[in-house]
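Participant: FYI, the numbering for the sequence shown is 0 to 386, going by numbering that gives the first Met the number 0.
It is worth saying that the hints were derived from the structure and are not from the lab.
There's no promise every hint is true.
Subject to a maximum C-alpha distance of 30 Å in a straight line, what follows is the list of computed BS3-like cross-link-like pairs (lysine-lysine) [claimed, not checked]:
id	residue 1	residue 2
1	Lys296	Lys251
2	Lys226	Lys314
3	Lys184	Lys197
4	Lys290	Lys354
5	Lys234	Lys294
6	Lys226	Lys294
7	Lys57	Lys197
8	Lys254	Lys347
9	Lys226	Lys184
10	Lys76	Lys108
11	Lys226	Lys296
12	Lys338	Lys290
13	Lys256	Lys314
14	Lys251	Lys226
15	Lys226	Lys338
16	Lys198	Lys226
DEER-style ranges, computed between Cβ atoms [what the hints assert, rightly or not]:
id	residue 1	residue 2	range
17	Asn204	Asp112	36 to 44 Å
18	Pro215	His319	22 to 30 Å
19	Asp190	Lys234	29 to 37 Å
Glycine included, C-beta positions come from ideal geometry on N, C-alpha and C.
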Amino acid sequence: MDPVAGAPLVIGIEALRTLDDWLETEDIVKAWYGADCNTFCELSVSRSTGEEKPRLAKVFAIDNERWPDVIRISLEKAQNWWRAHSSGQCCWLPLYRSLSEQMPGAFIKGVTDGISCIGIANSLPAARMDFWGLVVLGYANGGIPRVVRDSAMASYRATFDCRNFTLVIWQNSLNSMAVAHIIPKRHTSFDRHSLDSKKWQLLLNTGTTVIQHEDPLTRWIEQDAPKPPYELLGKDWDQNIQCTIFDYRFIKYMKDKLRQSIYYAHGAWRDVQSRYLDDLFIQNQASQISKNLLKSKVILDLETWNSFCDEMVSKEDVLHYSQRQLHQLQGEVERGNIKLNNLLQWHKNIFAFHKLLIISHQIPEELETRGMGRMVLLAGSSHGILE
């Protein structure tokens, strides 16, 4: 069950008033904030009763320009979040504590200045923050989101299974507020690898982990006659590609280039098949290779890929068949069949695009919120722990 499932979501001045109404005793303050209760709350005299009563005095606030610090510190300290989660119920407290240790006072505001950063979910104080910054934090700690959508595509749930925590982001309808929950891990997932600082900073600032017109992984694509590097066609760059995150725009650009390459190659196969009737390789292989080329276009619709697609053909199978076709052609050209030189180049391009699209990572459209000003409510109890 979602940590804040079914709970009304409230932000701003309404959230502040409601929280102050709920703060009847110091026990509630300690339950919410644990060891940080005196940081976030203070005693004030009630005008109606003349008695002292706790009220909210400070809120956890992350200004957008602070996200590089947030991510850097989190990557250094996230392995300690499990130990920090037991004091206080709010799931954002371990994050706040890591930040306040290294930059005291930088992530806290008075309720007046920080009114837009406060919310309520599941009867607990929630922290409202930049959506994109939180997404990049998930990627930076080695998480790759697994997105589940409803049949109408109106709601989704994205889960980042990261190195030191699990981050869940969901939205119940197109018009509702996005909500997130951080769950510290007791043990580090060593098979998850954090992004290096260059990659996550590029991701935060540009929406991708490469400078597309400069990185050798991608700059060849923009040439008039694209020729993928040898390292891309081999295995030299595979590990780098597996850590590469592309935005939706560049994925679409590569898909358009792949589609173009497939159509050109398909046409070229028909041409050589009609021209070289005495070439046994061409006559035996052209029809099947052409048919497989058209089938490989399935990879162009990756965003709607589902379990049914995996039953029919896996993405890895598409890559395998693409590589096999390339090796067939390379072998024939190396044996002196120069009639296939042009086709060999098209198949190099096709295999390179297949590899980039299949083993890299695309940011799901729901999470691609850089520069949109969208906010998310980091909410829920710190005790909803996954081990």
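Participant: Take the hints in turn and mark each one as holding or not.
Facilitator: Evaluation of the provided hints:
1. Only pairs whose Cα atoms come within 30 Å are accepted, and Lys296 paired with Lys251 is accepted, the gap being roughly 13 Å.
2. With a CA separation close to 23 Å, the supplied pair Lys226 and Lys314 stays within the 30 Å bound.
3. Annotation: proposed proximity of Lys184 to Lys197 holds, straight-line Cα distance about 25 Å (limit 30 Å).
4. Of the pairs offered as hints, the one joining Lys290 and Lys354 holds, with about 20 Å between alpha carbons and a cut-off of 30 Å not exceeded.
5. As the CA atoms of Lys234 and Lys294 are separated by approximately 24 Å, the hinted pair is consistent with the 30 Å bound.
6. Restraint check: the Cα-Cα separation between Lys226 and Lys294 comes to about 23 Å, which is no more than 30 Å; the hinted pair holds.
7. Distance hint between Lys57 and Lys197 is unfulfilled; the C-alpha atoms sit about 34 Å from each other, more than 30 Å.
8. Simply put, Lys254 and Lys347 have alpha-carbon atoms about 15 Å apart, close enough for the 30 Å limit, and the pair holds.
9. For the given pair, Lys226 sits about 44 Å from Lys184 by alpha-carbon distance, which is inconsistent with the 30 Å threshold.
10. A threshold of 30 Å between alpha carbons decides the hint, and for Lys76 with Lys108 the separation of about 22 Å falls inside it, so the pair holds.
11. For a cut-off of 30 Å, the pair hint linking Lys226 to Lys296 stands: about 20 Å separates their Cα positions.
12. Restraint check for Lys338 and Lys290: satisfied, since their Cα atoms lie roughly 20 Å apart, inside the 30 Å limit.
13. Our distance criterion of 30 Å between C-alpha atoms is met by Lys256 and Lys314, whose separation comes to about 18 Å.
14. With a C-alpha separation of about 19 Å, the suggested pairing of Lys251 with Lys226 holds against the 30 Å cut-off.
15. Taken as a hint, the Lys226 and Lys338 pair is honoured in the structure, with Cα atoms around 19 Å apart against an allowance of 30 Å.
16. Between Lys198 and Lys226 the CA atoms are separated by roughly 25 Å; this keeps the pair inside 30 Å, and the hint holds.
17. Between Asn204 and Asp112 the C-beta distance comes to about 26 Å, which lies outside the given range of 36 to 44 Å.
18. For the pair Pro215 and His319, the supplied restraint of 22 to 30 Å holds, since their beta-carbon distance comes to about 24 Å.
19. Between Asp190 and Lys234 the beta carbons are some 20 Å apart, a value that contradicts the proposed interval 29 to 37 Å.
When held up to the earlier numbered hints, the structure conflicts with 7, 9, 17, 19 and fits the remainder.
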